[in-house]
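Chains as they are written, first to last, in the numbering used here: chain E, 8 to 150; chain Z, 8 to 150; chain C, 8 to 150; chain G, 8 to 150.
Among the hints, erroneous ones may be present.
[As the list claims (entries may be wrong)] Computed list of lysine to any residue pairs in SDA-like fashion (alpha-carbon distance at most 20 Å, straight line):
1) Lys85/E with Pro88/Z
2) Lys85/E with Lys85/Z
3) Lys33/C with Gly54/C
[To be verified] Derived coverage of chain Z by chain C (criterion: at least 3 residues anywhere in the stretch with Cβ under 8 Å from a Cβ of chain C; other residues may be distant):
4) 11 to 17
5) 35 to 47
If you are wondering where the hints come from, they were derived from the structure by calculation, not from laboratory data.
Bear in mind the structure is a predicted one, so any value in this text is a computation, not a measurement.
Note that the Cβ used here is the ideal one computed from N, Cα and C, for glycine as well.
Number of protein chains: 4
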Amino acid sequence: MTSFPLDQANRIIEGAFAKAAALGLKPLGVSVLDTGGHLVAFQRQDGASFLRPQMSSGKAYAALAVGMGGRRVEAVAKERPHLTAGVSDLSGGRILPVVGGVLIRDGSGTVIGAVGISGDTSDNDEAAAIAGIEAAGLVADAG
Amino acid sequence: MTSFPLDQANRIIEGAFAKAAALGLKPLGVSVLDTGGHLVAFQRQDGASFLRPQMSSGKAYAALAVGMGGRRVEAVAKERPHLTAGVSDLSGGRILPVVGGVLIRDGSGTVIGAVGISGDTSDNDEAAAIAGIEAAGLVADAG
Amino acid sequence: MTSFPLDQANRIIEGAFAKAAALGLKPLGVSVLDTGGHLVAFQRQDGASFLRPQMSSGKAYAALAVGMGGRRVEAVAKERPHLTAGVSDLSGGRILPVVGGVLIRDGSGTVIGAVGISGDTSDNDEAAAIAGIEAAGLVADAG
Amino acid sequence: MTSFPLDQANRIIEGAFAKAAALGLKPLGVSVLDTGGHLVAFQRQDGASFLRPQMSSGKAYAALAVGMGGRRVEAVAKERPHLTAGVSDLSGGRILPVVGGVLIRDGSGTVIGAVGISGDTSDNDEAAAIAGIEAAGLVADAG
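Isolated chain E (complex conformation) (with noise of 0.2 Å):
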């Protein structure tokens, strides 16, 4: 069965509280998911409310179920609120249509993830998570 590398995904995570740590960000939640929208690894830093599980999933899934960053993302949720909340309707209710969701691409380019980070203001949140998909030697795309 073919998912994201556990290894990758955890380097992301570490990288990523790096580089919250060096901005001095209020505590996040991490999550990596694998180009099917599933869960490959998630931490929750102490401190962070409890729903940034499912709000760091949810950025991540929204970007990989419509093949778009997050940034481009929330563009469309203001442009056709109408469309994203189709979306998030036949998705069962899983997406977080905002800023901090990231794909990860290979360096061919290919879709391979995503990552999304919860917790701190949404340009934050996104600045930590290119961070950690830099600091795995992967390509981050966040719209």
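Add chains Z, C and G to chain E, keeping to what the hints say.
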């Protein structure tokens, strides 16, 4: 049991993919539904993201549920979002109220099914759907 | 984005229908899912009832969700019904835990997808699924 | 906000994987939940099927929801299936009432979280969970 004939559904999908290739579209998911809103055939091209089954079906389902092509469905969603939200809830979250769901009519004008396509822009999705329906010798009603 | 190749999925469905014709089976619904449990292709033969999309997908989904062919999935459902009920709940009601869901393995034994068939007896559904997978040059694991 | 400490959760997962390697178990999904039933950390080993996040969390959630280790949870499910079905419904379908969910107690006997593991037999899943909890210097209550 009256349903949409499978061989016509396959011809529609083939025609839609031919149009998509001619236009150089992104990978698509194409659903053909019978008048009861039930799936007859679906194909997802390599590289299309994982929610395309639900998104393409959701466009066709929306068109059939209210008897209007996707273009009018989306116009209603913009004008009366509460109405569309209600229809989505009533359908169990099965609709995607945007352009790209096209009713299939026979020679006498009777609705006999619908096609939904998702993967490129909504306008391009719709163009492929219309081409597929016409390739099967049927009448497309995009709304 | 890696998924199960559409041309192989179509070959599997064609092979399953050929077997069904040879055996004189009732009209079938055939679903091919990738390893993430997402639909790649579906076809419903004329006369098959309307829930066949969900029933065929549900067999394949169950096999993939727990990594066992449908025959073992159904055995577990008989021995530990509370476990199967729990898996169904956790999946959002997406599984049909019976014979007729068959894992697709490549030459090295890796699970690369699953086929689910519904329409005739479970044993006949399974026979058609196995024939379809083998017609595409792949390895069937019915459990 | 009181939650289970992330560094202890990671130590539990590490300990569970070490035990799994020693026993030669199949690829596992391991969830650590706080006393509120919320995810603190999850890791899915390469090759584990896609529903392992929900299945491992569902075992831990069930144990926490009723304050009993998974072994007693499964015994109740066999004796009074209607009770377990009701609890599942009340939880929004979040429980998997089988062996492999293990309560975490501190030195004074207080429940401070739970571990759920899914991927091998339920008995082996439980053995890895117990080993992980003990590796973190905590007390395992498998029921």
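Each hint, compared with the structure:
With a CA separation close to 14 Å, the supplied pair Lys85/E and Pro88/Z stays within the 20 Å bound. With a C-alpha separation of about 12 Å, the suggested pair Lys85/E and Lys85/Z falls inside the 20 Å cut-off, and the hint holds. At roughly 8 Å between alpha-carbon atoms, Lys33/C and Gly54/C fall within 20 Å of each other, so this suggested pair holds. Here the region 11 to 17 of chain Z counts 4 residues with a CB under 8 Å from a CB of chain C, which clears the bar of 3, and the coverage holds.
With 5 residues carrying a beta carbon less than 8 Å from a beta carbon of chain C, the region 35 to 47 of chain Z meets the three-residue requirement, and the given coverage holds.
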